[in-house]
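Enquirer: The chain contents come next:
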Amino acid sequence: MVAKRKKKFTSGEGARYITRRGALKKLQLSLKDFRRLCILKGIYPREPRNRNKAQKGRSGIKTLYHMKDILFLMQEPIIWKLRDMKVFFRKVQRSRTIKEYGEMHKLLRKHPTLKLDNIVKERYPTYIDALRDLDDCLTLCFLFSTFPTLEHIGRDLFTLCRRLTVEFMHAVIHAKALRKVFISIKGYYYQVEIKGVTITWIVPHQFSYQPQRGDVDFKIMSTFVEFYVIMLGFVNYRLYHSLNLFYPPKLSTENLPINDKSLVDKQALASERIAALNLSLNKTSEAVDEEVQLDEFPENSTSEHMEEAKKEAEKIKKVKTLFQGLKFFLNREVPRESLVFIIRCCGGDVSWDKTLFVGSTFDEDDETITHQIADRPIIDKQYISRYYVQPQWVFDCINASELLPVNKYFIGEILPPHLSPFVDKDRDSYQQYIPPEEVKLRDPSSVPEEDDSEDELQINDVETKNESGSEENESDDDTEKMDEEENVKEIQTKKLVVKPGTVEKEDPWQKHRLEKQEYRLREKMVKNKHRRLYRSMMEGKKKRSKEVWLLKKKRRVLDEEVKTAKRTK
Amino acid sequence: MLTRKIKRKLSNYGETVQNEDANSDSSDLTDKLGTNDEDEAPVNEYVDHDTSDEEDIRNTIGNVPMNWYDEYKHIGYDWDGEQIEKGATRDQLDAFLQRIEDPEFWRTVKDPQTGRDVVLSDDDVNLIKRINAQRVPDEGFDEYAPWIEWFTGEVMKMPLRKFPEHKRSFLPSKNEAKQVSKLVHALKMGWIKSNSYYKKLKAKKKDRFYMLWQSDTDAERMRRVHDHIPAPKRFLPGHAESYNPPSEYLFDERELEQWNKQKETPWKRKLHFIPEKYKTLREVPAYPRFIKERFLRCMDLYLCPRGIKLKLTIEPEALVPKLPSPKNLQPFPTFLAIEYKGHDDMIRCIDTDKTGQYLVSGSDDSTIKIWEVNTGRCLKTVETEDVVRSVKWCPNSALSLILIASGNKVILLNPNVGDFLINSKTDSVLRDSPKSDTVISERVRTTVQWQEPSDAEYIKGYRAVLVHFKEVTHVTWHGKGDYFAVVMPDGQNRSVLIGQVSKRRSQLPFTRPKGLVQSVIFHPSKPYLFVATQRHVRVYDLMEQTLVKKLVSNSQWIATMDVHPGGDNLLVGTYDRKVLWFDLDLSTKPYQTLRLHGTAVRGVCYHKRYPLFASCSDDKSLIVSHGMVYNDLMQNPLIVPLKRFEDHKKTNDFGLFNVCFHPLQPWVFSAGADGTIKLYCN
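Quick note, the sequences are listed as chains L and R, same order.
Position 132 (the first sequence) corresponds to 132 in the working numbering; numbering is contiguous.
Position 193 (the second sequence) corresponds to 193 in the working numbering; numbering is contiguous.
Think of the hints as simulated: they come from the structure by calculation, not from any bench.
There are no misleading hints in this set.
Listed next, the in silico PhoX-like pairs over lysine-lysine satisfying Cα-Cα at most 20 Å (straight line):
no., chain 1, residue 1, chain 2, residue 2
1, R, 270, L, 553
2, L, 527, R, 322
3, L, 81, R, 205
4, L, 32, L, 219
5, L, 106, R, 199
6, L, 180, R, 233
7, L, 110, R, 205
Note that the structure is predicted; figures quoted are calculated from it, not measured.
Make the full structure from the sequences, and use the hints.
Expert: Here's what the structure looks like:
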């Protein structure tokens with residue numbers, strides 16, 4: 001008897017993947033429910049090693065899921081909940097159409113809800129894992145907390161987002177975990193470090209909600225948010241406990257102004273007060289914050305690393321107490337929430353006009369205010385005892401981890417550029433452009449104060465010389481020839497004399513050219529296997545250096561323009 | 001009965017006391033601020049008045065013995081149909097411990113109806129004491145107060161209403177009973193829940209968060225996603241995204257145009273947004289694409305296929321092999337020394353004599369010229385009748401002979417330069433053609449005919465002329481200088497011919513065609529012949545008349561080849577830009593494929609003494625490389641490209657045709673299509 005022939009794609013890559021349509025059929029779900037399930041459970045399509053085999057020989061590009069993922073979904077109890085929901089909505093729909101509103105309301109009271117606690121635990125085995133994945137969660141929650149109510153999305157989702165984000169900000173303030181901030185055209189970037197995990201999120205500028213024309217499906221986003229709020233809630237809970245705070249946050253009385261005490265017991269006001277971010281929360285127990293000291297290792301090979309790490313730790317320590325003892329007053333035109341958040345993260349006191357928002361702690365006429373943050377060209381009544389600075393000063397100070405001189409940031413001044421703190425500090429200057437402001441910021445001693453721009457210019461000149469070197473060299477040669485001819489004439493006219501010999505210097509340019517030639521030849525010996533890779537890498541390098549060159553050129557032109565403008569003045 | 005009532009009352013008292021305590025506790029403002037609805041003490045509405053039996057909510061089981069509930073955790077049900085929890089039962093040991101620890105133990109009693117402990121207050125104790133003393137329990141009760149007659153015993157003569165009460169008012173409503181029974185049934189079946197249940201549910205929802213992870217790092221074992229790949233994080237913003245970037249980041253007109261042009265292919269843009277600069281923070285508007293970007297990120301998270309891709313962290317320089325510096329491999333030619341001008345057309349071939357004093361070149365203007373190497377002077381010009389495709393100086397130092405392939409003729413020429421003695425000796429040797437008895441076969445005779453030169457030709461230096469039936473493209477000498485080989489690519493099975501000068505005889509080594517023969521070369525020490533066809537190089541043993549080896553070139557078209565003086569290495573240049581180094585000891589595949597040139601390689605050459613080789617190609621370049629062959633068989637040859645020269649001009653898409661080393665010095669000659677020969681010295 002002949003052994004039965006093995007069917008194709010029943011093992012290996014072909015059996016490992018399943019298309020989306022196949023998954024739907026297997027799970028007996030509609031696409032809508034499947035999408036929701038995937039979002040909640042964090043199931044995503046996979047890129048197969050061999051797409052042709054994984055698609056069982058079919059052409060085109062299909063969305064492929066791992067078979068194990070689909071089997072994993074199959075045993076998920078939420079599937080049943082989704083099916084129940086389908087039935088429920090059908091019932092509601094029926095009672096609505098036959099106008100049995102009493103029945104409908106009775107049904108709606110029993111609206112089934114998904115319990116996602118277990119899924120959070122399953123997707124994030126540890127607290128650290130959850131922190132690691134918090135970037136998207138926070139960005140989306142912050143975005144949703146600014147939304148008005150939308151169709152098909154429960155109103156309490158937005159309020160919950162707001163509540164949780166405010167709670168998270170409070171925790172950051174208490175932990176003094178803020179490391180970097182950045183104002184971009186998209187919004188405010190914040191970077192915090194919790195348990196050694198850096199979390200970065202964006203908070204959009206004001207009035208970020210704009211009706212979207214069809215290409216944004218808020219339902220999908222709300223499904224994400226539905227999961228994220230649960231996750232953020234649990235993270236907040238643990239975060240508050242690790243900081244010895246009560247979890248549903250409570251305000252401490254000692255900081256409350258006395259005149260407001262009568263209002264305090266109103267619930268809504270309390271939550272607003274918490275949202276003001278200006279009062280510290282109650283602690284369960286006053287634990288002394290232990291300072292983590294870096295261990296000293298005697299004479300190690302990685303002493304440089306140690307040195308660097310120490311410097312970094314020092315910097316962080318500085319940021320934590322950057323605004324200690326300073327009192328800020330915010331004018332009404334500056335973004336209150338972000339400024340209050342970052343100032344309080346760095347230990348400063350802050351207040352604003354009483355009529356602007358609840359929770360202000362002192363008034364504008366307080367003589368002890370050191371800085372007033374304003375964003376208008378002129379202020380009529382100014383106090384001598386304080387600086388009037390623009391909001392960028394606060395952000396720049398935190399990024400520089402020191403109090404920068406305020407004179408460039410006074411109201412009405414043209415601000416210095418606001419640089420991103422997220423760029424790689426150790427990058428190659430040939431591969432990435434470093435603006436001169438950043439160079440100065442990193443090492444203030446390297447560039448003298450006044451004629452830094454000129455220096456920069458010279459450096460640029462030298463570089464461009466090198467770049468367009470070959471042509472210049474030729475022209476140099478020509479001139480040299482001319483010189484030689486002249487010399488010959490001179491010699492002919494003069495008598496023969498013995499001249500002292502001159503030391504022949506090695507031309508660095510010539511040497512460079514020779515080295516380049518040698519390298520070009522050596523380059524041809526790249527292994528056949530690596531040839532394409534090498535070429536593409538070199539192409540990328542070239543492209544990047546071209547970008548750098550372009551930026552440098554633009555800068556040079558701009559600087560010259562500024563200079564000529566100065567001269568004509 | 002009386003005692004029961006009193007006790008109930010007592011317990012009420014106790015409760016009020018406790019509640020008051022709780023109230024005073026919770027009066028702390030701060031507590032109320034944060035927690036919104038918890039700690040709201042239930043208001044006791046019966047503080048001031050005695051309660052009636054029906055309103056006591058804590059015993060709902062009726063007047064039944066308590067031991068009926070011994071096996072249950074609850075005692076009766078409350079208004080919402082929820083079970084009322086029994087207090088925790090204690091064993092004797094617990095009771096004893098409590099008796100010792102609790103100072104209030106003596107006044108703690110157990111309520112048999114609810115199963116809870118009740119601590120009696122001072123008033124209660126007083127009350128009990130008064131009852132025990134058989135006095136009126138209430139202290140303030142005046143036993144001797146005047147009697148007030150609340151209800152009179154007198155009967156009124158007339159009724160208040162004219163008609164008797166309706167029967168309905170004495171009977172319970174059937175309709176209501178029906179509805180109630182329906183509700184009760186629904187409650188029983190769990191179809192409906194009471195209001196308080198929903199209220200509780202809502203409250204529960206509010207603090208639904210708890211300590212999900214017990215520790216930071218330990219993971220609970222449960223089934224999770226198989227082989228999880230975390231989503232990559234978004235790139236962090238650079239300076240260009242700032243609201244106030246350095247001005248050079250802003251787009252100029254050209255960049256803006258480019259950006260707009262790439263509307264259909266946004267992924268090709270260098271930035272995904274247009275940088276903007278605002279003077280102050282208050283001018284910054286909301287980013288219009290923010291929601292869209294977030295949405296796209298969401299879509300990516302759930303719909304983008306994920307896979308693990310290895311990223312290279314090496315610099316491209318690391319891929320370039322580490323080779324010794326050319327400085328350490330001197331001597332090799334480094335500069336252009338002499339240019340030999342004189343030919344009117346492309347120079348196809350050059351060769352030097354054994355001593356390195358003279359150079360012969362053959363050109364398309366159907367002349368050959370003999371140059372003095374050191375001075376660059378043209379000593380002699382010999383005109384032939386056709387394009388000279390190949391010249392070779394005889395390797396035998398006792399003979400002054402040049403082999404010239406011109407059209408379908410091969411000429412043996414005595415150049416008459418150099419040592420006079422040798423010249424005259426050569427002439428004398430070649431004067432008389434040796435007589436032999438062997439009959440030349442028909443096949444050879446139709447292929448080649450040895451002819452004596454005419455007188456005019458003899459004066460030019462011709463010593464013998466071989467007329468072939470097809471055009472000759474290549475000639476080569478055997479190392480001893482007696483045999484030579486001739487290649488006629490169109491000759492089919494007669495394309496390779498081996499001639500002998502001393503006997504003036506030719507023979508055809510092959511009977512069957514092996515393809516288009518490009519070039520042949522003798523092994524320097526063994527009786528081997530290398531034959532390069534279009535794609536392969538075959539090595540024949542001429543003595544045994546067998547095929548020794550067949551080398552596979554992996555290229556489309558072999559142009560030329562040269563054998564290393566040691567005889568174990570072969571250099572092959574191909575028209576598809578490659579230079580192949582074969583190590584005959586290693587394998588039949590190239591030991592190394594060098595892609596040094598940009599276009600077709602036309603000439604390759606080994607130096608006879610120095611570890612050098614050169615290659616030239618149509619891209620006008622001559623590349624001199626170091627090619628060290630070690631005596632140690634374990635060590636592979638070392639190949640280092642040393643220097644590239646690019647002095648020839650391009651004419652008719654041709655660059656360089658031939659390259660040739662000086663036999664003694666590390667100098668190299670190159671013959672170009674521009675009609676010049678160039679000498680590079682070290």
